[in-house]
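4 protein chains.
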Amino acid sequence: MKPLILASTFALAFTALPALSQTKPTPAQKAVPSALVQELVLANHILASEGVLDAYGHVSVRDPSNANHYWLAKHMAAGVVTPADIIEYDLDSKPVSGDPSAGYTERFIHGEIYRARPDVMAVVHCHSPDLVPFSVSSAPLRPVYHMAGFLETPVPIFEIRSAAGLTDMLIRNPELGKALAQTLGQKPAALMRGHGAVVVAPSLHVVAGRAYYMNMNAKLQLQAIQLGGSVTYLDPEEAKKTGAQDGFERAWDLWKHKVGAK
Amino acid sequence: MKPLILASTFALAFTALPALSQTKPTPAQKAVPSALVQELVLANHILASEGVLDAYGHVSVRDPSNANHYWLAKHMAAGVVTPADIIEYDLDSKPVSGDPSAGYTERFIHGEIYRARPDVMAVVHCHSPDLVPFSVSSAPLRPVYHMAGFLETPVPIFEIRSAAGLTDMLIRNPELGKALAQTLGQKPAALMRGHGAVVVAPSLHVVAGRAYYMNMNAKLQLQAIQLGGSVTYLDPEEAKKTGAQDGFERAWDLWKHKVGAK
Amino acid sequence: MKPLILASTFALAFTALPALSQTKPTPAQKAVPSALVQELVLANHILASEGVLDAYGHVSVRDPSNANHYWLAKHMAAGVVTPADIIEYDLDSKPVSGDPSAGYTERFIHGEIYRARPDVMAVVHCHSPDLVPFSVSSAPLRPVYHMAGFLETPVPIFEIRSAAGLTDMLIRNPELGKALAQTLGQKPAALMRGHGAVVVAPSLHVVAGRAYYMNMNAKLQLQAIQLGGSVTYLDPEEAKKTGAQDGFERAWDLWKHKVGAK
Amino acid sequence: MKPLILASTFALAFTALPALSQTKPTPAQKAVPSALVQELVLANHILASEGVLDAYGHVSVRDPSNANHYWLAKHMAAGVVTPADIIEYDLDSKPVSGDPSAGYTERFIHGEIYRARPDVMAVVHCHSPDLVPFSVSSAPLRPVYHMAGFLETPVPIFEIRSAAGLTDMLIRNPELGKALAQTLGQKPAALMRGHGAVVVAPSLHVVAGRAYYMNMNAKLQLQAIQLGGSVTYLDPEEAKKTGAQDGFERAWDLWKHKVGAK
Numbered sequence: 001m002k003p004l005i006l007a008s009t010f011a012l013a014f015t016a017l018p019a020l021s022q023t024k025p026t027p028a029q030k031a032v033p034s035a036l037v038q039e040l041v042l043a044n045h046i047l048a049s050e051g052v053l054d055a056y057g058h059v060s061v062r063d064p065s066n067a068n069h070y071w072l073a074k075h076m077a078a079g080v081v082t083p084a085d086i087i088e089y090d091l092d093s094k095p096v097s098g099d100p101s102a103g104y105t106e107r108f109i110h111g112e113i114y115r116a117r118p119d120v121m122a123v124v125h126c127h128s129p130d131l132v133p134f135s136v137s138s139a140p141l142r143p144v145y146h147m148a149g150f151l152e153t154p155v156p157i158f159e160i161r162s163a164a165g166l167t168d169m170l171i172r173n174p175e176l177g178k179a180l181a182q183t184l185g186q187k188p189a190a191l192m193r194g195h196g197a198v199v200v201a202p203s204l205h206v207v208a209g210r211a212y213y214m215n216m217n218a219k220l221q222l223q224a225i226q227l228g229g230s231v232t233y234l235d236p237e238e239a240k241k242t243g244a245q246d247g248f249e250r251a252w253d254l255w256k257h258k259v260g261a262k
Numbered sequence: 001m002k003p004l005i006l007a008s009t010f011a012l013a014f015t016a017l018p019a020l021s022q023t024k025p026t027p028a029q030k031a032v033p034s035a036l037v038q039e040l041v042l043a044n045h046i047l048a049s050e051g052v053l054d055a056y057g058h059v060s061v062r063d064p065s066n067a068n069h070y071w072l073a074k075h076m077a078a079g080v081v082t083p084a085d086i087i088e089y090d091l092d093s094k095p096v097s098g099d100p101s102a103g104y105t106e107r108f109i110h111g112e113i114y115r116a117r118p119d120v121m122a123v124v125h126c127h128s129p130d131l132v133p134f135s136v137s138s139a140p141l142r143p144v145y146h147m148a149g150f151l152e153t154p155v156p157i158f159e160i161r162s163a164a165g166l167t168d169m170l171i172r173n174p175e176l177g178k179a180l181a182q183t184l185g186q187k188p189a190a191l192m193r194g195h196g197a198v199v200v201a202p203s204l205h206v207v208a209g210r211a212y213y214m215n216m217n218a219k220l221q222l223q224a225i226q227l228g229g230s231v232t233y234l235d236p237e238e239a240k241k242t243g244a245q246d247g248f249e250r251a252w253d254l255w256k257h258k259v260g261a262k
Numbered sequence: 001m002k003p004l005i006l007a008s009t010f011a012l013a014f015t016a017l018p019a020l021s022q023t024k025p026t027p028a029q030k031a032v033p034s035a036l037v038q039e040l041v042l043a044n045h046i047l048a049s050e051g052v053l054d055a056y057g058h059v060s061v062r063d064p065s066n067a068n069h070y071w072l073a074k075h076m077a078a079g080v081v082t083p084a085d086i087i088e089y090d091l092d093s094k095p096v097s098g099d100p101s102a103g104y105t106e107r108f109i110h111g112e113i114y115r116a117r118p119d120v121m122a123v124v125h126c127h128s129p130d131l132v133p134f135s136v137s138s139a140p141l142r143p144v145y146h147m148a149g150f151l152e153t154p155v156p157i158f159e160i161r162s163a164a165g166l167t168d169m170l171i172r173n174p175e176l177g178k179a180l181a182q183t184l185g186q187k188p189a190a191l192m193r194g195h196g197a198v199v200v201a202p203s204l205h206v207v208a209g210r211a212y213y214m215n216m217n218a219k220l221q222l223q224a225i226q227l228g229g230s231v232t233y234l235d236p237e238e239a240k241k242t243g244a245q246d247g248f249e250r251a252w253d254l255w256k257h258k259v260g261a262k
Numbered sequence: 001m002k003p004l005i006l007a008s009t010f011a012l013a014f015t016a017l018p019a020l021s022q023t024k025p026t027p028a029q030k031a032v033p034s035a036l037v038q039e040l041v042l043a044n045h046i047l048a049s050e051g052v053l054d055a056y057g058h059v060s061v062r063d064p065s066n067a068n069h070y071w072l073a074k075h076m077a078a079g080v081v082t083p084a085d086i087i088e089y090d091l092d093s094k095p096v097s098g099d100p101s102a103g104y105t106e107r108f109i110h111g112e113i114y115r116a117r118p119d120v121m122a123v124v125h126c127h128s129p130d131l132v133p134f135s136v137s138s139a140p141l142r143p144v145y146h147m148a149g150f151l152e153t154p155v156p157i158f159e160i161r162s163a164a165g166l167t168d169m170l171i172r173n174p175e176l177g178k179a180l181a182q183t184l185g186q187k188p189a190a191l192m193r194g195h196g197a198v199v200v201a202p203s204l205h206v207v208a209g210r211a212y213y214m215n216m217n218a219k220l221q222l223q224a225i226q227l228g229g230s231v232t233y234l235d236p237e238e239a240k241k242t243g244a245q246d247g248f249e250r251a252w253d254l255w256k257h258k259v260g261a262k
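Chains as they are written, first to last, in my numbering: chain R, 1 to 262; chain Y, 1 to 262; chain X, 1 to 262; chain Z, 1 to 262.
It is worth saying that the hints were derived from the structure and are not from the lab. Any given hint could turn out to be false.
Which copy is meant is left open, so a pair is good if it fits within one copy or across any two.
Listed below are the simulated SDA-like cross-link pairs for lysine to any residue, each with C-alpha atoms no more than 25 angstroms apart in a straight line [said to hold, decoys possible]:
id	residue 1	residue 2
1	K256	A139
2	K94	V37
3	K256	A84
4	K241	G165
Next comes chain R alone, as it looks inside the complex (with noise of 0.2 angstroms):
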């Protein structure tokens, strides 16, 4: 069930995509970080060939030199996203520019996040499959190995019946954002039980990097409960100081390589 995706795949879609000024360039678009717009159609092309995001889920990024602006792909697979397909939005996730209607039902995720937190530049929401079954256990998710030492525990877990109610448990308006956000509060990831994760970091590197982890993290976690003996987790001390690494700027190469960029 895990997407196969071919590098030769993305590479084409990566290669073949409309430029941008084809459109007729509204004085948003005109401003359009381009370098910055390629970064986020790599992040959507690594998420899903590393398998952190399959048809759903998604990663917006936070316009560098507007606070107040985030990009984010229209409605669609992370995986065939190109440029062409990236919108952007005020904190209020109404585009700035490109046709309302065909955005994600949930990009009040990224809104209130960025309104709530001014230290974060870049937000993934996903339905990793090592990651769900962590939202309706009583389990918790908690570092392993250091390479999610990042994870600042407990890891909390949005309950959006708290906040609404039975609903269809999607994030569609501002308010849900919001009370997610607040979950969330200055963490680095929450769980939203029965649907997936937030995870957030200060650049599209170190966030793809996080959602990566945080999902390899889960796996390991998993096996090493199945095992049956005592667990050892990562003490907090440790993992404070694994937290603070290089910025997965290897990991991000390599996986780079692999949906064949330049």
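Given chain R's structure and the hints, the job is docking chains Y, X and Z onto it.
Below, chains Y, X and Z alone, put in the same frame as chain R:
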């Protein structure tokens, strides 16, 4: 053991297929809704590519212009089906045209469900590795996350012993097809003990999405159980609300891209 | 850790192989049933592609025109075998032609089973990841679904300690081959403690299908056990009836397509 | 989450690499045993392709003509290493040539093991997903099948807290390298709590085989435990006898073929 089917392989199969018009047309063939056949071939390739079908299992679609006919590949693996391999059947699962000896033994699954369920336009029968364990366990399959909210619990399990005693487990005749359809009732899916599952929907896109996410839910539920704590399942009201979603179009688009279809 | 072997790799290996006629033919080689050798090479590639064989393990076929001879690759990984690598052996597992030093250490598995079982025409010896756990556990391997109905329970486990004490676990000589054949008896498969399994059948196609689905059944049975409830296995009568199926032709056709063979 | 690295990607990386002679040679570089560097690059690619190394972890080889020097890639993912990225180190893990800032933080693992173990000619440090769980569990890693007989039990676990208290878990200096080497002792492998493992051998081929099958054994042992029955492990005598095998040449040949190396 997970099938690795390359996009390029499918692309080849898909583009190299002989046009239906090249075989001597019978009146029935003349009426072939070729776009629908193309979609059915694509559904075969997608379900193979995504691990729902392996060498066995099948997907069918009801003829939208004749509710008493449906379309299904001949006796072969879904991953290598071409339009020339699609047979038209009536609700007795007798071929309207083509070689009657080449049909799937279990085509009665399709015919009897279409007869019993006028709302159903597409049917998948599969042996997905994540579903079979739930078919033989006393642990019930239940939706753990919003992507599988369409599942109505308890997911019924068809026990062929109750219908016909000790058999070779196959739905070899209309009577067994009827018994299975009765177990399915008005639900979107049923497990088949020691065999697999059947999934139904109002379209090919939705049946593919349901089969994929029913399988994924089984995987996630097993992992949640393995964590050893208590598990919070979707509330029936949550399941009902999440079940009314967008028809898995975003997933279909990605899967179509992955198998290389135009 | 699952081997990823690309279809194109095999296609290359398969088409680039030197013709047998290019090496100086011995009388035995002249009699080579080349179609059978081609099928054996294909079986090697399929079993590697489908995860039954990794760098170790092997598959053989008995000569249909001489029941005292069988064919087996030389000491190499199944995924890269070519026709030029196939050696003809007698039932003492002595090469009839070719370099005697290049044989698999454990070729006696094949010779002694062919000697003891006139009905057997093909043999697989494998270390499949899903089977090894059952070889060392007190939990017996049993068919959970119809695709593995051919398994006769209890699946015997060969304990080499009973035959030869504390060894290096390998079937290094005819005596150990005979002991293994005795454990196998008239059954289609046996597990080998701390080692793997042996699977037999009346043809290459069936032995490939049995090896694949024995492996898959092990995976499914483990998952069913992990669900924590009670498990319903196939009734022996059901197993017997499902075991009399079509010879896995549909699976063989798919697998052949996947490794790129014509 | 398992890295999918295509053979063709590696083949490209492997053939497109700049010749070492194109950079201005230092005396040390002139002495580069280029065949050994090629083998080391290949080992990097194989271990990435087979899932032992992801973006992190590394493999080194001791210089056969100078026991006080070893070779190791610069700070980068194993899957994309080229010969130009290989650095020569002395046993203090100081670069003999090249950019000293570009080394792996944990190169002291290699230097201190080579110092302590004259018999060791190759070292792997990895975070393989199947091994980390054993590093944090009270359940000991033990050989369940003959392919992992080389493991001497109990496999020691390096607890960095005993050596240095609460750290960032990394082997950042010679002292920590020495402590790890001391835990390893005369054994072929050691787990590192909350981190991964270190594997040593008399050659690159054997260290690759040991790392791969240590990982596979962990996977199989977990599955055997999950079956819930009693587990029969290799007897120490069996382990000792199986450990004296052919050096994993058959596996190396297959893996080399898979990464497309000539």
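> Any hints this thing doesn't respect? Which numbers, in order?
Replying inline: Number 1 - this is the single hint that the structure violates.
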